[in-house]
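Trainee: My request is simple: use the sequences and hints to build the entire structure.
Residue numbers in the sequence shown follow my numbering, run continuously in steps of one, and reach 452 at the last position.
Because the hints were derived from the structure by calculation, they are not lab data.
Because the structure is a prediction, the values reported are computed rather than measured.
Keep in mind that the hints are not guaranteed to be accurate.
Pair by pair, the computed Cβ-Cβ distance ranges are [said to hold, decoys possible]:
1. Ser171 <-> Ile150: 19 to 27 Å
2. Ser171 <-> Gly14: 25 to 33 Å
3. Pro237 <-> Pro276: 19 to 27 Å
4. Pro276 <-> Lys27: 48 to 56 Å
Glycine residues also receive a C-beta, built at the ideal position from the N, C-alpha and C atoms.
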Amino acid sequence: AEGRALLLQGNTAGAEAKFDAAAKAGKMKDVRILTLIAQAYAESDAKNVDKALTYVQAAETASKGKDNPALMVARGDLYLKRDNGGGEAMSSYDRAIAANPNDVEAYYKRGALNVRSRNGGEALTNLQKAIALDPNYAPAYKELAEVYFISGQYDKAASGFQDYISRAERSTNTDAEYAAFLFQGKKYPEALEQVNKVLAVEPNNFTMNRLKAYSLYETKDYAGAAAAMDQFMKVAPADKLLPQDYSYQSKILVQTGKPDEAMAVLQKAIDGTTDPAQKRDLLSDKVVVLTAQKNYKGAAQVQRQITSMPGSDLTDQFRLGLANSRAGMYTQADSVYNIISTAKPDYVPAYQYRAQANAGLDPDGTKGLAKPYYDKYIELASASPDKYKSGLVESYDYLALYNLNKGDKAMATSYVEKALAIDPSDERAQTIKKNISPAAPRRAPVKAPARK
Numbered sequence: 001a002e003g004r005a006l007l008l009q010g011n012t013a014g015a016e017a018k019f020d021a022a023a024k025a026g027k028m029k030d031v032r033i034l035t036l037i038a039q040a041y042a043e044s045d046a047k048n049v050d051k052a053l054t055y056v057q058a059a060e061t062a063s064k065g066k067d068n069p070a071l072m073v074a075r076g077d078l079y080l081k082r083d084n085g086g087g088e089a090m091s092s093y094d095r096a097i098a099a100n101p102n103d104v105e106a107y108y109k110r111g112a113l114n115v116r117s118r119n120g121g122e123a124l125t126n127l128q129k130a131i132a133l134d135p136n137y138a139p140a141y142k143e144l145a146e147v148y149f150i151s152g153q154y155d156k157a158a159s160g161f162q163d164y165i166s167r168a169e170r171s172t173n174t175d176a177e178y179a180a181f182l183f184q185g186k187k188y189p190e191a192l193e194q195v196n197k198v199l200a201v202e203p204n205n206f207t208m209n210r211l212k213a214y215s216l217y218e219t220k221d222y223a224g225a226a227a228a229m230d231q232f233m234k235v236a237p238a239d240k241l242l243p244q245d246y247s248y249q250s251k252i253l254v255q256t257g258k259p260d261e262a263m264a265v266l267q268k269a270i271d272g273t274t275d276p277a278q279k280r281d282l283l284s285d286k287v288v289v290l291t292a293q294k295n296y297k298g299a300a301q302v303q304r305q306i307t308s309m310p311g312s313d314l315t316d317q318f319r320l321g322l323a324n325s326r327a328g329m330y331t332q333a334d335s336v337y338n339i340i341s342t343a344k345p346d347y348v349p350a351y352q353y354r355a356q357a358n359a360g361l362d363p364d365g366t367k368g369l370a371k372p373y374y375d376k377y378i379e380l381a382s383a384s385p386d387k388y389k390s391g392l393v394e395s396y397d398y399l400a401l402y403n404l405n406k407g408d409k410a411m412a413t414s415y416v417e418k419a420l421a422i423d424p425s426d427e428r429a430q431t432i433k434k435n436i437s438p439a440a441p442r443r444a445p446v447k448a449p450a451r452k
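Mentor: See the structure below:
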């Protein structure tokens, strides 16, 4: 017990002296003592487990080939501290269960390792077995909730976590865990309720102050989020701030009409971040702020930087296309959408936005630059018309106007009718319809009202 206490305090040398003395007193053959020593190392923050494993090996030798379940669980826990130790850990838990088929902790540990390796089916089996053996074994419910969370079953996950809380020793820590769990499951009002419970007892809990600001932002209480973020920044140690904190702070500042302050916050975070993934996320936030400032060319420039970074994907390219279009750089936008359509020919939105970029290059529509892309959009989107209603209306409107300006009123009428069949209140189609008249003289090309 004394050695375990010293180890938990970080006094490794003192703990090892106590453990060595206890092990030698039993001539390195007392399996109970050796198991307790192994468990102490497993429960500690010690990273180097080589010394601990010598006690495990001694206990295995003393057991003469008969596995001790508690020792095997400790062995598994120790191997989990090693890089790539998962295989030996799982083998250890298997041996514990083989030695005692009713070992609740071994089933739980095996299930927890399944969760860690994203093997949901096996995790479910092992955790449910642990619960069947001991319905009050709280840790199993927590891991079970994690299984449901990973698989996107958020209601089951929340219910499972409540089962864990009802069986665990209730504390602000469990309430804080539950709040974080609810937030991750996007149950923001419920998360906020739990956060406030914790803060009522621990007003300076910086993790909960963080989550309060985040949750208020997600519930669109931007004024409340701003006040909560100010409080969080007061209580959070500087070395505990995360890039995500600056991200939320900047988004809150944008929503409260302070984009310039948001930009300053983000730039400071970007300059201080070396992790490529975090830098990409912060640069994405910078694009949002620049867009809010109506600095569309600046936003496009930053988005172009993102697409050149490792890990960039077609989503980043798509955002670059949007940024280029907002900046009036339609030729560049067209090139980007061509890249996307070449890489993913069945990605329907790319054709709509490429059409819009070409419409920007041909504002009167007389050249019909957007026509082939609206045609292709209609071809693909017609397979799921309910999903692409607004895009189909936009496409029909364009083609109606294009054909009207060509003098093909029959074709123009056909497209107008298709647009109005989807949306009878479509003002663009109604305007075009008014300009279709058999007796009307030839006129200059008609422009439809801008899209809202």
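Trainee: Tell me if the beta carbons of Pro276 and Lys27 are separated by a distance inside 48 to 56 Å.
Mentor: Holds - the Cβ-Cβ distance for Pro276 and Lys27, about 54 Å, lies within 48 to 56 Å.
Trainee: Looking only at beta-carbon atoms, does the pair Ser171, Gly14 fall within the given range of 25 to 33 Å?
Mentor: Cβ of Ser171 to Cβ of Gly14: about 30 Å, so the range 25 to 33 Å holds.
Trainee: Given the range 19 to 27 Å, decide if the beta-carbon distance of Ser171 to Ile150 lies inside it.
Mentor: Given range 19 to 27 Å: holds, Cβ gap about 25 Å.
Trainee: Looking only at beta-carbon atoms, does the pair Pro237, Pro276 fall within the given range of 19 to 27 Å?
Mentor: holds, 25 Å
Checked against the numbered hints listed earlier, the structure breaks none of them; every hint is satisfied.
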